[in-house]
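**Student:** Take the sequence shown: its letter number 65 is residue 65 in our numbering, and every next letter is one higher.
Heads up, some of the hints might be wrong.
[Unchecked claim] Cβ-Cβ distance ranges computed for the label pairs, FRET-style: (1) 96 / 38: 50 to 60 Å; (2) 22 / 112: 13 to 23 Å; (3) 163 / 52: 46 to 56 Å; (4) 24 / 79: 23 to 33 Å; (5) 91 / 123: 22 to 32 Å.
These are calculated hints, taken from the structure and not from any lab test. Where is the CB? At the ideal position from N, CA and C, for every residue including glycine.
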Amino acid sequence: MGGPGGSGWTLLESVARIIPESFGLTLIFPDHRGTGLSTVLGCDDSDSQTITTDCITYLTSKWGIDGLSQFSITAAVHDLSVQIQSYQIDHPGRITIYGMSYGALWLNRFLQICPTLIQSAVMDGVVNPYLVFLSRYDLWASAIALQFLTYCQTDPDCSRYFPVD
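All chains, full assembly: derive it from the sequences and hints.
**Tutor:** Written as structure tokens, this is what we have:
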């Protein structure tokens, strides 16, 4: 998912409109530790995106240095690997991870630590901060998703795992 700091759940409704149920995919939207439905890592002013000295002091007193280290991208990779392994107990099959924006960095770290746990990965890059226009985000995301899924239907290996019917 994007971010950092964003919850995967915020994209659930949009993605559900883009990817039809007929694709037969199970979509999982994990939250990175410290965001969304997980334990939130933040200061008293939860809307603030600014890290101040007071905020750092507050977080250090609340969590300690060892506790804060558990909110790392590496810890989030371990969380995701446990989630995938737990899911596969009752739902064996092919796993593909799609990471966009910060999620691409998270996916990169995942592939360093757990390269054999999934069968494929799609990295949808980190956004150029000088070209970000969120008013067009839905159009871009839709176009990319449709291109990928269209390609998948024309590729024998991909379409075998993601059949349309």
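**Student:** Each hint: holds or not?
**Tutor:** Hints, verified against the model:
1. 96 / 38: 50 to 60 Å: violated, 23 Å
2. 22 / 112: 13 to 23 Å: With a Cβ separation near 34 Å, residue 22 and residue 112 fall outside 13 to 23 Å, so the hint is violated.
3. 163 / 52: 46 to 56 Å: holds, 52 Å
4. 24 / 79: 23 to 33 Å: holds, 26 Å
5. 91 / 123: 22 to 32 Å: holds, 24 Å
Consistency with the previously given hints fails for numbers 1, 2, ordered from lowest to highest.
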